[in-house]
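Chains as they are written, first to last, in the working numbering: chain A, 1 to 159; chain B, 160 to 923.
Since the hints were made in silico from the structure, they are not lab data.
You may find that some hints are simply not true.
Stated by the list, open to error - Straight-line C-alpha distance at most 25 Å; calculated DMTMM-like pairs for lysine to aspartate or glutamate:
#1 B:Lys-848 x A:Glu-48
#2 B:Lys-703 x B:Asp-734
#3 A:Lys-136 x A:Glu-48
#4 B:Lys-658 x A:Glu-48
#5 A:Lys-136 x B:Asp-793
#6 B:Lys-265 x A:Glu-48
#7 B:Lys-433 x A:Asp-29
#8 A:Lys-135 x B:Asp-786
#9 A:Lys-36 x B:Glu-269
#10 B:Lys-848 x A:Asp-153
#11 B:Lys-767 x B:Asp-362
#12 B:Lys-218 x B:Glu-269
#13 B:Lys-465 x B:Glu-831
#14 B:Lys-732 x B:Glu-698
#15 B:Lys-694 x B:Asp-623
#16 B:Lys-659 x A:Glu-98
These figures come from a predicted structure and were not determined experimentally.
The primary structure of each chain is shown beneath.
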Amino acid sequence: METAQSKISFTINGKKVERRVRSSMLLIDFIRNELKLKGTKPGCLGGECGACTVLVDGVAVNSCLYLVINVDGKSVTTVEGLSGEEQSLDVVQLSMVEHGAVQCGFCTPGMVMAIKSFKSQCDHNHHTPDREEIKKNLEGNICRCTGYVKIIDAVEALF
Amino acid sequence: MNYNIIGKRIPKIDAGDRVSGKSVFGYDIELPGMLHGAILRTKYPSAIIKSIDISKAKKLAGVECVITADNVDTENLNFRKDHPVLKKGEVNCIRDEIAAVAAVSKEIAEKALELIEVTYVERTGIFDPLEALKKDAPQINKFSKGDNGNKNISEAFHYEHGDLAEEKKKSACIITRQYVLPKVTPTCLSPSSITANYSTVDDELTLYSSTQVPFLYQREISQVLKMDPSKIRVIQPIIGGGFGTKLDIHPFEPICALLSIKTGKPVQILFSRKEEFIHSAIRQSMVIDLTTGADKNGKFTFREVKIIKDNGAYTSWGVKTSFVIMQTFSSLYQVPACVYDADAVYTNNVFAGSIRGFGNPQATFALERNIDLMAEELGMDRAEIRLINANFPGEISGQGLEYHSCGHKPALEAVIKHSGYFTRNKKNNQGRYKRGIGLASMLHVGGGAKIYPSDGCGTTLKLDTYGYLTIITGSSEIGQGSETVLAMMAAEELGIDLKKIKVINTDTNVKPWDVGVHASRTSFVAGNSVLGALKKLKEKLSDKAAQLLNTSLEDLVFENGTIRSEKTGNSFKIDKIVRELHFKPPHELCEVSYYYEPSSEFQDKNFKGNVSSCYAFAAQAVEVEVDTLTGKVDVLHVYVGQDVGKVLNPLGLEGQIEGGVVMGLGYALSEEMIFENGYLRNFSFHDYKVPTARDIPEIHFYPIETHEKTGPYGAKGMAEAPLVPTAAAIANAVSNILGVEINSLPITPENVLKAISNKQSDQG
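All chains should be built: construct the whole structure from the sequences, respecting the hints.
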């Protein structure tokens, strides 16, 4: 049985993509299996760990809970597209490196994308978050290595 | 001693790859023509298998291979060789593998599993170790030799020192309690994965595996598959969390290899999160019966310990946790007598593993709870009783552990002081929210652990003609930052830029032997190995430099990428010296190899002897607030004093401390695998609660530098220690605040309310 296919068109990491996709296909599977962008990590595929976080129109979503047909007409950014072409790492990534916020690194791409979304939101509202707010905004991303302290430090240093 | 690099906050040298999604984890590997494997596991924790019919599965389009125990030829796995790769005739725990499929897609492989027909006759399983010890219990594991006094005891440990009867007589206070510790799982963020690639042309098997022990893995896989070990190449991709889960081989690994061997194609098996919860290694549950004594002055007199560990259906390295647990009871604080027995008992539960701390969090929990209870009974302060019994430099413990450096007392003093223990504990605690401080210490190996025929690590160094150094180390990286600390040592010794150092540590075809990542040993053992190799490399360079600079060896200084004569100030760039060696006589490459074996000794049959080159000591003070209405425990501050010998990289060190404490926090407060008749009931992050960023306390770290003479720059192993005393300290704090006894984990609101209500009914 062939599942229904839909034609979608969107941008990913600044490049336009047009594809026919199964309506049931998850964004994470499209990113990892079709586009071969393996930076987005499948930690639980249940929306609980945050490792697969990507940006859709600048906002963090769990790509394991998001159907790819819903990105039609939108802009997706994965960890590979974060830094742009001019520099090798984004400020969020640089801060993570500098503050020792990375150990095994499996949660890291999702963590980076969640932080990027949070930072953009705060910047948009001209808001400087305190440590408690930062912690609250990292709640959806599980890390088992670092104990979060260095990740929170890395976020705090962005403001 | 002043260092240029050692002691500096150096970010992980491969962090850039990890933050940008460029690191290739096992889960990310794709090989041309790769098939996808899936495993059929048992429906029941204990059953007879009457028949397995794979005929329909084999016929499904896209299926390339179906295996069962009937069409493969393998030896048993794991520590006691009591674990068949594919089960035949019977199943004994819910993880049991019955058949496996390789197909062109994961979906087809999973569909094929549904077509395999298995006829079971369900049996009543045994899930309580005490039931398994009964005379009329059936033998659970048919490969058990039954050589430990009972057919269902997998391993029994007995240890003793001192005169127990005499010490009991001296005791003014004797406390007996039972402690019950749950099964927990480290939930590595990457679920397990394996990719196997067998070449039918040259009979070589390449395994892309997340193992922590690649050389032991290579050897055991070769035994299981009946292959020549050197025909097996183990490549470790970036590993998404280890914590001990990857010490043992699990059946999915040889199964994947078998599917590749049978099809002649690459095959990959990826665990889902649910599979990771159910089928990966766990921290074992234990019941610890502990009796301890102290004399009227609070000096410890004896410890009497009986432990029953739930081994599960098969025997992993986890059975050896008894060895580390023994050390805590025999040698943490001064204690003149100790008698210790620990039995690992087969059940139809999932088999235990060996997770970070290797049994020590369980042992420390029991011991430190009893110490608080002894202080209470003697009317002594809880800090004072610990300080007067603390281990000291120069002490040789009853078990023969030699503490030539020992920061136990300074660690205790640091956390007592910084936590404000003596001032804050006296606060009025009458309202709904009550606060208080709990203390606990810990002892762990700090200089490797001699339990395998060699505890060593090999290093090869290559300094190229451009002045770049490649360190090829036997050690493995599982996120702990070992490659960075090794590179720092090389930068320090050779005076070259850290950016000019590459670390190769992932391929058994390339790297020299190492026993693996365990026992907090990598910075110590691999570090000493790198330093040994660097010494040889410097000798080679120095000989040539002395000749070129027309000076003596003692006059040479390695700095800023050059070798300089102190007398004349003349210098040569290091790459120039390499070229002089290479392209002119003696025409030699600037390459050296070195193998380091720690100075520790094997313990005798009574478990006596100095098993590690040195020992790590730590103390934690934990300030908690308990909501007496809801039972919620909020950990506000954790003060960590830890003897690390010497701080090599503060950034990496703090990361290990913070990560360990938070893992200890989860163990203390929320984590528990809930099993019902052998089935796991909570197999998602929704139902199994690990700490999130909002749950973490303020962590204050006070490194104690004792400059261990056998350590690299004086450093000791440190990475397991920070989670070892955390749960004990939290339980002590909660018990003290509420005047109750918390003698099991986790300390959930429900359990706190139960303790409060039991106390009220006792008093009523």
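- Of the hints given before, which are not true for this structure? Going through the list in order, the structure violates hints 4, 11 and respects the others.
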